[in-house]
Amino acid sequence: MGVHPQLNKNGELQHLLTTEGLPVAILHHILDTAESFAGVTERDVKKIPLLRGKSVFNLFFEPSTRTRTTFEIAAKRLSADVINLNMAVSSQTKGETLLDTVNNLSAMHADMFVVRHNQSGAAHLIARHVGPEIHVINAGDGWHAHPTQALLDMFTIRRYKQDFRALRVAIIGDILHSRVARSQIHALTTLGVPEIRVIAPKTLLPARVERLGVHVYHNMTQGLQDVDVLMMLRLQHERMESAHLPSTEEYFKYYGLTPEKLMLAKSDAIVMHPGPMNRGVEIDSEVADGSQSVILPQVGFGIAVRMAVMSILAGN
Amino acid sequence: MGVHPQLNKNGELQHLLTTEGLPVAILHHILDTAESFAGVTERDVKKIPLLRGKSVFNLFFEPSTRTRTTFEIAAKRLSADVINLNMAVSSQTKGETLLDTVNNLSAMHADMFVVRHNQSGAAHLIARHVGPEIHVINAGDGWHAHPTQALLDMFTIRRYKQDFRALRVAIIGDILHSRVARSQIHALTTLGVPEIRVIAPKTLLPARVERLGVHVYHNMTQGLQDVDVLMMLRLQHERMESAHLPSTEEYFKYYGLTPEKLMLAKSDAIVMHPGPMNRGVEIDSEVADGSQSVILPQVGFGIAVRMAVMSILAGN
Amino acid sequence: MGVHPQLNKNGELQHLLTTEGLPVAILHHILDTAESFAGVTERDVKKIPLLRGKSVFNLFFEPSTRTRTTFEIAAKRLSADVINLNMAVSSQTKGETLLDTVNNLSAMHADMFVVRHNQSGAAHLIARHVGPEIHVINAGDGWHAHPTQALLDMFTIRRYKQDFRALRVAIIGDILHSRVARSQIHALTTLGVPEIRVIAPKTLLPARVERLGVHVYHNMTQGLQDVDVLMMLRLQHERMESAHLPSTEEYFKYYGLTPEKLMLAKSDAIVMHPGPMNRGVEIDSEVADGSQSVILPQVGFGIAVRMAVMSILAGN
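Residue numbers (my numbering), protein chains in the order written: chain P, -19 to 296; chain Z, -19 to 296; chain U, -19 to 296.
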């Protein structure tokens, strides 16, 4: 599959593995399709038969109730059969290799694998391995990518801000360990956002992050000036306890989003968060529940975006 | 929602949280509706499309395979999509608050939450918090309430004894820690049962239990005299091991239901138990499997009652 | 039920518990029915309504993601409602007996139980206990039987070799602890295979295994001579660590299937394995992935065979 591991030879989406290198036309196609599904989830009867008779396997090598649930709901609303496999406790422990496991599930005539794995590249590995009738969706691999999260974020921005080409966007928090941030930066860049900022302490930034085309800030006062969109990141508990941070109180003081800091952004700026939130660590409750927060709408859009990705893949 | 936290402004059932204060007309409506579903589960094709396109979330913060299964079956027979969430191992452990979790699931366009929690009031808290399009069913909260269990018990009594207003009912066992007993007492009272007895050692009775309108007995010989219905309670293992009881042998000797003790009740008395049973602790196998036992029919009625509650909620 | 615990009084399949004593006509009926489903799983829409409205309970007292998944897929493709019960962590731990658990699930109007248990005879016990409207499928009990695995193996052999009555078949590995091997031997015998060989070290063979009508070999060089079908067994990790074997390297040297050893068999011999494979222990990767391996097709046939068994049971 060469340069574009996620496209088929007609240039259509075969797998969704990363937002990096995803053509802008496909990005727009996903967002437009999601727009039509955003209505479905608000209708009284939420089921549509697009994936009827298809089998979607949730392969979660790393536990995540929330993300697994959103994919399960999306697939069921498309009338697919969903098989949840908690791979952390399954035949992996019987000594079988990852690819033997995948071969076996493929032989059960799976149509789609939704893969979460703590190792970067796991979804790519599986996608390279399966036959052309199977589609792989990366639901988060190590620190690498989480494309459906980034896509639902793009959907949210488009809903509230329309034109990507006039925006100043800030991503705030633990960029270093965040697959969400990487996927957001690639998607924002492709969609033509002229100014992407990252705001984080040095210990939570990847080396040479500027190469991704972002502007680096180490303090909120400068970084939030006149931004249209604030994308908060979740601070992982393991980071809090490690040498990366002095304390969560310190972190909140400098990088926690308070009403005061939010006032530095444009008055109509929106606040986003991928969840689950650490209130009082990366975000103040007053902001999380405030009028500029679009955190809960994001969740609903997440279902629509995942339905869109699944239905596009199933059609290609 | 004021006095009736589970009714909407038209006086219809919005949530099912407790049998306390539940209007008698609604109680009868649930039992009548369940009667129609009791037939469905015996039909060859058990599916009816009343909840098609609806999403029912089982939120079990406390594990219970049996109760979760009955709700899952009830929802699937109504054609709903069911999402099982084992909340004990999910994002709660990631530090998210209960209400943030509920907000997130609501944003996924849930229609119904079935909630089990080891803290009294958890289902009420969630019900007060969600929007009007979401219905909450309490599947057991702490020592407080377990309304669907009480409703299936009422359904069972009505099936075998018809008129509630002519009955003498005894509830036997660990009343103190039992959400089932509390919900039974409220339902029996509302349905007009003239004499409700509780039979238990003093250490397993709540303070001032008489205020609930029940007659208190500390021995079976007196308590079982001429009763029509015997509602046994499960003795929790943790109680057996605590200071509340000398030993399970002692308990069985004084409060275990044996064929001899059962003869003190009316000759056509029925024996009920919410399960799972501790044979040889609160009930003798000869009684559990005997001709007066309606313990297994209770289970089937439980599906019908849960289908009734779900379909009534979905229609309001 | 007497001589044939799995047949009803009309001689039809009421339960599938073992391949031992299963009449050859029923064996062929299952294989023929599976043939029609093997097509379904390759069709675009895989769902057929044969079990619509039926409730299939997966009762797994022993964890097995893979086997549970194949039954779940088979049932869903037949449009059944599937309830997965991880019995290892459910009310069994609350002190309820196995038969009380089964009684309760039966009272929920279950139609089919798929049972896996680490004790031989568990599925038989349940089958003897349930009413005539419930069908039990043994998904593996102790060292005793695993009939659907054996049936999918027979289906595989028939696909590639057509006539059972002209075959030399070798079963290789830990026969002693293998319910798969026992079920294979009974099925092969009934289907008229004239020569069944078992190849294993003495410590991994049951006492007096010849009574089953098999020829015993202790080395591959003699045992593989001119065979048509090689049925490898999985070497359980617990055996590797026990006194039964010196080391996995030793085992591989003598009993591991390598390309060299495979050349002793007929040139068109097929290689089978029930999975999950221990590459480099009982089988070399070159053989597992080689042109004579039919290990992956076996998995797909497993879905078709399980659909066949379920639909035949539901019709009787």
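Be a bit skeptical, because a hint or two may be false.
Here are some of the chain U residues that sit facing chain Z, going by a computed Cβ distance under 10 Å [said to hold, decoys possible]:
(1) 64
(2) 65
(3) 67
(4) 85
(5) 86
(6) 187
(7) 189
(8) 217
Which residues of chain P face chain U? A partial, calculated answer using Cβ under 8 Å [stated by the list, open to error]:
(9) 84
(10) 171
(11) 175
These are calculated hints, taken from the structure and not from any lab test.
We treat Cβ as the ideally placed atom computed from N, Cα and C, and that holds for glycine.
Comparing the hints with the structure gives:
1. A distance limit of 10 Å between C-beta atoms decides the matter here; for residue 64 (chain U) the minimum to chain Z is near 9 Å, and the interface restraint holds.
2. About 6 Å separates the beta-carbon of residue 65 (chain U) from the nearest beta-carbon of chain Z, less than 10 Å, and the hint is met.
3. With its C-beta approaching chain Z no nearer than about 8 Å, residue 67 (chain U) sits inside the 10 Å limit, and its interface hint holds.
4. Checking residue 85 (chain U) against chain Z: minimum C-beta separation of about 8 Å stays under 10 Å; hint holds.
5. Taking 10 Å as the C-beta contact cut-off toward chain Z, the hint placing residue 86 (chain U) at the interface holds, the least distance being around 8 Å.
6. Among the interface hints, the one on residue 187 (chain U) is violated; its C-beta lies about 38 Å from the nearest C-beta in chain Z, farther than the 10 Å criterion.
7. Violation of the interface hint for residue 189 (chain U) is found here, the shortest Cβ-Cβ separation to chain Z being roughly 40 Å, above the 10 Å cut-off.
8. About 26 Å separates the beta-carbon of residue 217 (chain U) from the nearest beta-carbon of chain Z, more than 10 Å, and the hint is not met.
9. Checking residue 84 (chain P) against chain U: minimum C-beta separation of about 5 Å stays under 8 Å; hint holds.
10. For residue 171 (chain P), the interface hint is violated, the least distance from its beta-carbon to any beta-carbon of chain U being 34 Å, above 8 Å.
11. With 8 Å as the threshold, the beta carbon of residue 175 (chain P) stays out of range of chain U, its nearest partner Cβ sitting at about 46 Å, so the hint is violated.
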